[in-house]
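There are 2 protein chains.
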Amino acid sequence: MVSKEMYELGSKRSVIRDLFEYGMQQAAIVGRENVFDFSIGNPTVPAPECVKETMLKLLETSKSQEIHGYTSAQGDFEVRKGLAEYMNNTYNCQLKADNFYITCGAAASLTITLKALTKHPEEDEFIIIAPYFPEYKVFIKNAGAKVVVVPADTENFQIKMDSLEKAITPNTKGIIINSPNNPSGVVYSEKTLNDLANLLKKKSEEYNKPLYLISDEPYREIVYDDIQIPYIPAYYENTIICYSYSKSLSLPGERLGYILVPESVENDKDIYTAVCGAGRSLGYVCAPSMFQKVVLGCLGKTSDVALYDTNRKLLYDGLNNMGYECVKPNGAFYLFVKSLEENAVNFSENAKTFNLLVVPADDFGCPGYVRISYCVDPEMIKRSFDAFQKLKDLY
Amino acid sequence: MVSKEMYELGSKRSVIRDLFEYGMQQAAIVGRENVFDFSIGNPTVPAPECVKETMLKLLETSKSQEIHGYTSAQGDFEVRKGLAEYMNNTYNCQLKADNFYITCGAAASLTITLKALTKHPEEDEFIIIAPYFPEYKVFIKNAGAKVVVVPADTENFQIKMDSLEKAITPNTKGIIINSPNNPSGVVYSEKTLNDLANLLKKKSEEYNKPLYLISDEPYREIVYDDIQIPYIPAYYENTIICYSYSKSLSLPGERLGYILVPESVENDKDIYTAVCGAGRSLGYVCAPSMFQKVVLGCLGKTSDVALYDTNRKLLYDGLNNMGYECVKPNGAFYLFVKSLEENAVNFSENAKTFNLLVVPADDFGCPGYVRISYCVDPEMIKRSFDAFQKLKDLY
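Those protein sequences? They're chains A and B, same order as listed. Under numbering that gives the first Met the number 0, the first residue of the first sequence is numbered 0, with each subsequent residue one higher. Under numbering that gives the first Met the number 0, the first residue of the second sequence is numbered 0, with each subsequent residue one higher.
Keep in mind the hints are simulated off the structure, nothing from the lab. It cannot be assumed that every hint is accurate.
Repeated chains share a single entry, so a pair holds when one copy, or any two copies, can fit it.
Below, simulated EDC-like cross-link-like pairs (lysine to aspartate or glutamate); rule was C-alpha separation at most 16 Å, straight line [stated by the list, open to error]:
| hint | residue 1 | residue 2 |
| --- | --- | --- |
| 1 | Lys381 | Asp316 |
| 2 | Lys3 | Glu134 |
| 3 | Lys391 | Glu348 |
| 4 | Lys312 | Glu378 |
| 5 | Lys165 | Glu124 |
| 6 | Lys118 | Glu7 |
| 7 | Lys136 | Glu4 |
| 8 | Lys118 | Glu4 |
| 9 | Lys200 | Asp308 |
| 10 | Lys11 | Asp269 |
| 11 | Lys95 | Glu77 |
| 12 | Lys3 | Asp269 |
| 13 | Lys3 | Glu121 |
| 14 | Lys208 | Glu124 |
| 15 | Lys3 | Asp267 |
| 16 | Lys62 | Asp376 |
Just chain A, with the same shape it has in the complex (with noise of 0.2 Å):
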């Protein structure tokens, strides 16, 4: 009596979600203390000071109304001319508050946009490169249009060139990109960028219609070693970015982010407008609005990034040493690690039977690796070494 398809997506629970799940049961057989849970990616670090500053000083001094009343539904004005100023003085770009539509964070960006943008549904194609966010999938299938994916470069985690070319017929409408990557960590090269716009360009003249570049950068703050993300569109026109604050300001539940549609875009206004009648469509009336004037209080504030980088150099360095195989990060929070044995759904349980917890890739469409959360307290870091190396003599 239901639908096939949302029933089916609604009990297929994702691998992650699982092993989060298992984590908890364990916890309470054995300790929470002797799990060790890199499953999820939920930050820990807590969200910086001007987020409750900004909250306290809206409560004490606006009306009931200005703070919880409905925004225009591409987001409050005021914000929106805050983030174009912002990103404006960030990136040197010439951005105005109409060029941004305010979201439900980062899947409600890129479902609205994917939907805005598939023009004949079961025909149009979105590429996603691997290893990607399984999600990306699902919103794909949302909008009616087909996914696309080029293999993983499990050499460097760049992009491979030539398997993208081959993947671009007269159908593709867009390619998705997520630098820093969810789950290698890897941040794309200013080479990589290059030839992607290059590629990207010559395919667009090549088929005379132009190719929509989608930047996922809910990571863009979490960086490390002075890495910069650029702006995308610098490098490519039709760029737009889908971002979130659930990562940089640590508010994942609070569900807050934006698409970026710059004057750059060939469409810019049509897309613009389809967007808006996209989250219309979806039942996204406005973003929530007393988050939305948070953000406006915590502009180009993050939350701390150096603890993600404490964890980061303590797991790498803790794995390597130990003869595990992955490779460095250089964003996110996440660790790429080469499954001991060719299966990594094998290696996950084998992991499970030492209470740790590390999901195979194999729905990021990069089997043979696991992703490492490391949002996580570092003394359980420290914890789980013995564990990793328990797992590591299994082989």
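Here the structure of chain A is known, so what remains is to put chain B in place on it, guided by the hints.
Structure of chain B alone, referenced to chain A:
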């Protein structure tokens, strides 16, 4: 290059929004005090004190991650448990936490429910009863299903049961009701609910399939004259409730509501699972986490409905005395007034010449009427009478 449907949806501003923007422009010209804007249903009564108190307490006593972290997709367990207990105490029902799926407001509740129930896109039909909230059509189309409209009972604004009976076909999946009603302000009577339940039971048997009643209840607590809205599943078992805190707690911008699938509903577990899937597909990761907890701190509390009641009486008596024909509303904050000419759009245009903004009900499926939203400052109502008189004198 974009979705035609989404583009059209995004470019066609609703009549309500058009009037509201016009009002802002006029205010800049003739002064805010000389514009009588009855267009928008944005609660003016402040949120009850418990909202602020709960927020302050959370900020003081809880850790950042506990307040702002992801909750489970269905919503925080403790919050859902609290909702179940509150409903059980209030309506003498037997609900559990797992009957509730917390959403980003009423629009999300509806889009998710409709998408979950639509098994055969292009075939499945949902019935709406005029006058109806215009976005119902958008949400039904988003699910891929067909909209079937039952014309208004302009006598009493209850339901014309014979018209509804004719509208039900073997493809009918569900019927959406909304009592207290936007835009009529009418509450369905005991007789209407019994007749509706009997009709739906009869037709379910005839077609040997469940017909789901979707009860959209954002105005459940905005009722007058000691009226109480009953628990609809007590009349008809196959009822799914879509709720929102936008009006009852004056939190429209915060986007919080729920879907309630009671155990009495046929295939309740499957529906709940499909609801989880649809929420995921549409990009709703979880409802805003802090306001989930705010709701838990405000169970059973509402904004001060007495203030709306003052407006209701003032406006109803005032317009009635002038010779306007209108239904006395028992709930919500709308007065539904018969246009003084057949064409309510013209009538609304004429009203604009006196800076009086009232919404023609054509888009609500009820031509010949206008909706007057009285969630406004009572002083504005008093100042508006002169304009209403001038408008009357035109005819």
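How would you classify Lys391 and Glu348 at a CA-CA limit of 16 Å: within, between, both, or neither?
within (13 Å within a copy, 77 Å between copies)
Please sort Lys200 with Asp308 into within, between, both or neither, judging by C-alpha distance up to 16 Å.
neither (36 Å within a copy, 62 Å between copies)
Between the shortest in-copy and the shortest cross-copy C-alpha distance, which are at most 16 Å for Lys136 and Glu4: within, between, both, or neither?
The answer is within: 13 Å in one copy meets 16 Å, while 22 Å across copies does not.
16 Å Cα threshold - placement of Glu7 relative to Lys118
Intra 26 Å, inter 12 Å, cutoff 16 Å: inter-copy only.
Treating 16 Å as the Cα threshold, decide for Lys3 and Asp269: within, between, both or neither.
Close across copies (10 Å), not inside one copy (33 Å); limit 16 Å.
Classify it for me, Lys165 with Glu124: is the Cα-Cα distance of at most 16 Å met within a copy, between copies, both or neither?
Answer is within: at 13 Å inside a copy they meet the 16 Å cutoff, but 42 Å across does not.
Could you place Lys208 and Glu124 in one of the four classes (within, between, both, neither) given a Cα distance threshold of 16 Å?
within (14 Å within a copy, 38 Å between copies)
With identical chains treated as interchangeable, where does the CA-CA distance between Lys3 and Glu134 reach 16 Å or less: within a copy, between copies, both, or neither?
neither (18 Å within a copy, 25 Å between copies)
Intra- versus inter-subunit Cα pairing at 16 Å for Lys312 with Glu378
Intra 13 Å, inter 64 Å, cutoff 16 Å: intra-copy only.
Checking an output row: Lys118 and Glu4, CA cutoff 16 Å. Within, between, both or neither?
between (22 Å within a copy, 9 Å between copies)
Indicate which option fits the pair Lys381, Asp316 if close means a Cα-Cα distance not exceeding 16 Å: within, between, both or neither.
This pair counts as within: shortest intra-copy Cα distance 11 Å, inter-copy 73 Å.
Given identical chains, is Lys3 near Asp267, meaning Cα to Cα at most 16 Å, within a copy, between copies, both, or neither?
Between copies only: 15 Å across chains, 36 Å inside a chain, cut-off 16 Å.
Going down the numbered hints, you'll see the structure goes against 2, 9, while the others check out.
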